[in-house]
Amino acid sequence: IQEIIASDTNAAQQIDKQVQSILESIAGLILTRDERISSAKKHAALLHPIRKVPEDILSTIFHRCIPHNPSDAPVTRHHPSVILSHVCQDWRQLILSAPSLWAEINLILPEYPNRRSAHSSASPVPAPVL
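According to this note's numbering, the stretch in the sequence shown is residues 4 to 133, in order.
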């Protein structure tokens, strides 16, 4: 009986080693599969129809996305020009190189600076750009 117990225990340990080896192989295969899926998605993005739109058309579209009323959208990370510049490197380069998209500075000031300006009368009020 002792020999049977030892033999079965040894066999179970060998099976555990095989299972561990198979699990490591599966993990490697899953990693390789995920890398291939990622590569396929990146390459598929290169074929997207938006890449065929000429830059001047894209610039026009981007310009139409920017609100021209200062109260509509202060320049924050949620501003359309900022959001569009984070889509991809090509769009970022195009947006950053389009002066018309950055030609307006919309400042929304709280009431306090307006009162300060009124009280300053004719004295110049410095407005540092940070």
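Everything labelled a hint here was simulated from the structure, so no lab data went into it. Computed from a predicted model, the values in this text were never measured in an experiment. All C-beta atoms in this analysis are idealised placements derived from N, C-alpha and C, irrespective of residue type, glycine included. Warning: the hint list may mix true and false statements.
Stated by the list, open to error - Only pairs whose alpha carbons sit at most 25 Å apart, straight line, appear in this in silico DMTMM-like list of lysine to aspartate or glutamate:
#1 K45 <-> E6
#2 K55 <-> D93
#3 K45 <-> E58
#4 K44 <-> D11
#5 K55 <-> D37
#6 K20 <-> E6
Stated by the list, open to error - Just the calculated beta-carbon pair ranges, DEER-fashion:
#7 V85 <-> K20: 29 to 39 Å
#8 K45 <-> I8: 53 to 63 Å
#9 H81 <-> E27: 18 to 28 Å
#10 Q96 <-> D19: 47 to 57 Å
#11 A15 <-> D93: 35 to 45 Å
#12 C91 <-> L32: 23 to 33 Å
#13 H51 <-> A30: 24 to 34 Å
#14 H81 <-> T35: 52 to 62 Å
#15 K44 <-> E6: 55 to 65 Å
#16 H66 <-> Q92: 16 to 26 Å
#17 V85 <-> S41: 20 to 30 Å
#18 K55 <-> E27: 43 to 53 Å
Status of the hints after comparison with the structure:
no.	hint	in the structure
1	K45 <-> E6	violated, 58 Å
2	K55 <-> D93	holds, 12 Å
3	K45 <-> E58	holds, 21 Å
4	K44 <-> D11	violated, 49 Å
5	K55 <-> D37	violated, 28 Å
6	K20 <-> E6	holds, 21 Å
7	V85 <-> K20: 29 to 39 Å	violated, 55 Å
8	K45 <-> I8: 53 to 63 Å	holds, 55 Å
9	H81 <-> E27: 18 to 28 Å	violated, 45 Å
10	Q96 <-> D19: 47 to 57 Å	holds, 55 Å
11	A15 <-> D93: 35 to 45 Å	violated, 58 Å
12	C91 <-> L32: 23 to 33 Å	holds, 31 Å
13	H51 <-> A30: 24 to 34 Å	holds, 32 Å
14	H81 <-> T35: 52 to 62 Å	violated, 39 Å
15	K44 <-> E6: 55 to 65 Å	holds, 57 Å
16	H66 <-> Q92: 16 to 26 Å	holds, 20 Å
17	V85 <-> S41: 20 to 30 Å	holds, 26 Å
18	K55 <-> E27: 43 to 53 Å	holds, 44 Å
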